[in-house]
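Participant: These are the residues of each chain, in order.
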Amino acid sequence: MDPSERMRTASRRLAEPVESMAQNIARRVIELVVETLDLNALIDQIDVNRVLDQVDVNRLLDKVDVNKLLDQVDVDKLVARVDVQAVLNQVDVNALASQVDVNALVERAGIEEIVARSSTSIVSESVNLVRSQAVGLDDFIARWVNRLRRRGYAGPPLLPGLQAEPGLQAEQ
Amino acid sequence: MKRERGQGLRDHCAGFASRFVAYAVDLGTITGVFMLSLAAADYAAKVVIGHTINWDKGSPFVGVAYAIWWFLYFAYSWAANGKTLGAALLGVRVVREDGARAEAWRAVLRAVVFPLSFLFFGLGFTGILFGRERRALHDVLAGTAVVYTWEARAARLRFLSRDSAPAGS
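Residue numbers (this note's numbering), protein chains in the order written: chain U, 1 to 172; chain G, 173 to 341.
Derived from the structure by calculation, the hints contain no laboratory data. Hints may be right or wrong, so weigh each one.
[Claimed, not checked] Partial list, computed: chain U residues near chain G (C-beta under 8 angstroms):
| id | residue |
| --- | --- |
| 1 | Leu88 |
| 2 | Val130 |
| 3 | Arg131 |
| 4 | Val135 |
| 5 | Asp138 |
| 6 | Asp139 |
| 7 | Ile141 |
| 8 | Pro156 |
| 9 | Pro157 |
No experiment lies behind these values; they were computed from the predicted model shown. Using N, Cα and C, we set each Cβ at its ideal position, and we do this for glycine too.
All chains should be modelled from the sequences, with the hints used to inform the complete structure.
Facilitator: Given below as structure tokens:
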């Protein structure tokens, strides 16, 4: 056998155990390094803000499919976990109310117009009520007068100069 | 004059209650405005000449002034549009006996003869109760009548809901 061929065969035989041993050594070294390292102390030394400054968030967000993300969110479950009472307790209602422009709100809602309209309606209804009562009383008096005169009553008379609508006269 | 469809009681002769309430409103208005005028004149005299005027309600001057104001109020209102304040509130109007608008001279005449209806315990007003066209003495003398000017829908419905007596009046 060629001496060089013999050398190649021997090295092939040795390669496998050597490689295995090297992997074991490396694994052991990593374990020893990790055990030795204090990761919390290491993280403390990292300036996160500086890291974040280097991140282009917009570019990152462009890559995010928000709709797909939202589809995976169970909103009901999320809302159920929110303590609404606690949130409300933190709201300063007085401060919130002081920021509200009531005049602008009233103007936008047209409340003045609604009040004016309802006032007009009340006056109109009142006038109609007075008139209706008076007409009812007119009929009542006329009915009794005609009863005393032994005559029937067919409603208020129409002036002779005015020609009554046929339907209306039949109604009377 | 052809009546339009759906007018309800419009152009029908107004009854005693409507006319009486309208007159009561007018009388209250006339008296109230007159009293205010007296008070205003009193205040003006106090400011200008420094003396107050003690109006004697029974004095002829106050009586005549009231009568003139009463006459002007009615004559002007009827001549202008056939309505006083009370008539407008009660929805009645003075018209000519044929239903047309009353002329100014007729309105003035009506105001002149209006007091005649008060004579003999208001005998002149009995025509409103018993007359065919519900006309008082001053209506007959001035050739006028008083009619409803509104549809009176609510009253009409109430009227129709009653058991009406057979027609024949």
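Participant: Which numbered hints are broken by the structure, listed smallest first?
Facilitator: Structure breaks hint 1 only.
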